[in-house]
Amino acid sequence: MSGSSYTGGTAAVSATDSIRERIAQAVNSVRETTPLAQSFTNFVTINLVANAQLAAGGTAAMSFLPDDIVDTAKIAGSTYINVGTLLPFYKDALADIARKLQYLGKPWVLDPVAAGIGKTRTAILQSFKAAPPTVIRGNASEIIALDAMWELGAPARADAETTRPAGVEAVDEVESSVQAAKRLARYLAQHAPNGKGAVAVSGEADLVTDGETVYRLPGGSAMMTKITGAGCSLGGVTATYLAVAEPLTASLAASLLYNRASEIAERESNGPGSFQVAFLDALWNITADQVAESRILIG
Amino acid sequence: MSGSSYTGGTAAVSATDSIRERIAQAVNSVRETTPLAQSFTNFVTINLVANAQLAAGGTAAMSFLPDDIVDTAKIAGSTYINVGTLLPFYKDALADIARKLQYLGKPWVLDPVAAGIGKTRTAILQSFKAAPPTVIRGNASEIIALDAMWELGAPARADAETTRPAGVEAVDEVESSVQAAKRLARYLAQHAPNGKGAVAVSGEADLVTDGETVYRLPGGSAMMTKITGAGCSLGGVTATYLAVAEPLTASLAASLLYNRASEIAERESNGPGSFQVAFLDALWNITADQVAESRILIG
Amino acid sequence: MSGSSYTGGTAAVSATDSIRERIAQAVNSVRETTPLAQSFTNFVTINLVANAQLAAGGTAAMSFLPDDIVDTAKIAGSTYINVGTLLPFYKDALADIARKLQYLGKPWVLDPVAAGIGKTRTAILQSFKAAPPTVIRGNASEIIALDAMWELGAPARADAETTRPAGVEAVDEVESSVQAAKRLARYLAQHAPNGKGAVAVSGEADLVTDGETVYRLPGGSAMMTKITGAGCSLGGVTATYLAVAEPLTASLAASLLYNRASEIAERESNGPGSFQVAFLDALWNITADQVAESRILIG
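Protein chains in written order, with full-length UniProt numbering: chain A, 1 to 299; chain B, 1 to 299; chain C, 1 to 299.
I should point out that these hints are in silico values taken from the structure, not numbers from a laboratory. A couple of the hints might just be wrong.
Residues from chain A shown here face chain B by an in silico Cβ test under 10 Å; the list is partial [stated by the list, open to error]:
#: 1; residue: Asn47
#: 2; residue: Ala50
#: 3; residue: Asn51
#: 4; residue: Asp67
#: 5; residue: Val70
#: 6; residue: Thr72
#: 7; residue: Ile75
#: 8; residue: Leu87
#: 9; residue: Ala93
#: 10; residue: Trp150
#: 11; residue: Tyr187
#: 12; residue: Phe279
#: 13; residue: Thr287
#: 14; residue: Ala288
Cross-link-like lysine to aspartate or glutamate pairs, in silico, EDC-like; alpha carbons within 20 Å at most [claimed, not checked]:
#: 15; chain 1: A; residue 1: Lys196; chain 2: A; residue 2: Glu21
#: 16; chain 1: A; residue 1: Lys91; chain 2: C; residue 2: Asp67
#: 17; chain 1: B; residue 1: Lys226; chain 2: B; residue 2: Glu263
#: 18; chain 1: B; residue 1: Lys226; chain 2: A; residue 2: Glu32
#: 19; chain 1: B; residue 1: Lys119; chain 2: A; residue 2: Asp96
#: 20; chain 1: B; residue 1: Lys196; chain 2: B; residue 2: Glu32
#: 21; chain 1: A; residue 1: Lys129; chain 2: A; residue 2: Asp92
#: 22; chain 1: C; residue 1: Lys226; chain 2: B; residue 2: Glu32
#: 23; chain 1: B; residue 1: Lys119; chain 2: A; residue 2: Glu21
From a predicted model like this one, the values you see are computed outputs, not experimental measurements. Cβ atoms here follow ideal geometry from the backbone N, Cα and C, with glycine treated the same way.
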């Protein structure tokens, strides 16, 4: 998401691969059907999350009350939960909400912001193992921390207490999270009603995986790290696509939309203020083909 | 508020009607006296509410603590309460605040966002019947839901439990809310210290009523539905005008200001990012005459 | 901060004064080392605080949970606490957090927004006397109210209960707060591990003092009062500089950066919407020399 010239020894997805068609379809379907994605997200970037979902063509509803979240989940196509800023009473409430989403069979996106910092956040993230989301989107440090908390890897790494706190900025490179991302994606798929899940890791070259194939998405703009909420709003837009598409397609469509829009915004802006304005405009104006024709690497 | 070519068989308010003078006076008075309007509003759009109030010429203070809200209400010209995002402890706190505003004789604007969703919100909105606001601003679905909750209509409709949840987006047309809006406005007027109240319904052609006359305000921009907080900030600016004008004039002035500013912003922008920037600029630059000379239909 | 042509009979700091070098160094150091400043701040302007810190070159983390705040303080260069919008449970939590910051020896900036309004806020601000911040930034009314609450002046004034509430807008002129600002700065210095503290008062001509010397910073733009969060985000950027510089330099650098950037933004904008965009761009593009070569008056 933040500008790269990733050139690993991996194959490019062909121009005629069916995944491109599914991505274009997701982008268009959101614009045609304006699906409702609900968000429980942090106080910092909540406005950008909603505006990005609207600019992508969806409809937004932001909830904080447990009874609101469950009521709205019933009428929404998907839900986005971001643990960036928490209040004490969410410790029990969010675990309960995850169980209710599971019971309702509703797809949701988890953004494990700052995974590893704070006992309340750790307790909440651990509780989600029993009622997991459909998609997880985070930076490399957060994905590694969550994988360790859920003890999905080798026993030697499985002590969340000794995991280095991730903070809100990634301290790890995307590549170091590949195995954690695949393990998490397989775990999500195993627990999903339709057997499908995905994990997206934001970084110099974004990574998206369904647990089997690993897609790498080069490009984007480093200016995305100079506005707050780039990652959070990507999680929100992923939820918007998840309301109309399966997890892998939703994750790819959202990350590619963000990469192409941020490149346009960087060209048209003169600093972080005008960048954010141009970015929202680009989310609105970009075509489904521009998104679907992106360079995508496999492996 | 969202773009229309409403051409119902209704009469236009004449160019010399005294309501136009009162609207122009309200717009100018806010700019000259920078009145303080306090807001208790949701976490999503709070920043835009404050910025819109400032751009319209007023002064903003946003409060969440019950003791802050009551303390600030005493020195503010008006208060705005928006129930979009609630926390559990507001269930009792907001009912108590409404009683204190009533005791203090302070005018306030209610924005019943998502009326019908969530037990906590329903309990709060029902409690306001005993200590009602001066103005209510919402979309058609919210106005219909609130009228049903307060059981102001025929007994057959008066079961809030069976009311379809409104969500944050209107699922009803403005026209379907006319009777509910009139009943609510009459109820507000009956309980106001000065016998005056108003209800504003946002939609393709906004509707404003004091319970007797129904005003329809054609125009505006559909882009207002592509940024978050258009409705909330209109509620906030209505409170700003309510600090200097009576309820009907305040509601008309705010809705007309929004319609004209959104038309300017649509012409000058290239997507939702630049639209919001241009909209705030237009709120600041538009003249009182441009607002007061708007087309206004009656009946 | 809000535009002035202050021409009091005070001496100008010479072009070669070493303070200018330290200011330039702080501006550059933030851009080179992207230090993490943590914020506990209000819901209204939290997004602008984070974006301003990023635009100045720093890294932002916003926290609301007590355990998050303490955990993040350990890895952050500084912390910013703004009491603009509080929730009931912060009454005890913030006093405890201040004690932990003191125990950890971590520098922090206090923004006593609306000092004097609300019992909860007053209790919190009083509790900070025992574990004071490193820098205080506020408007004249807030600085006067806090000085009275902490009973630093003559006994006759030392009754916080009778202090006129400051509100969020200053009702006092900067000049009336000079003695209060100096007393507070000396108190902060006496209680700081390294013996240094500073107080910054925002107004027509900003004032910064370490308790001994009083610096006045003419210039800026009156448009800063027409966007919400100008003061809050200045507090946040002061914390960003406090992560790399001592209190006086950090306060001067932040206030001067804001004055120069707001002048540029005023020239390049057409209202409060485009002003905020241009302001964030200017924070990003302005040079350290432009900041350090500002006119600074002493005395």
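Numbers of unmet hints, in rising order | 10, 11, 13, 14, 20, 23
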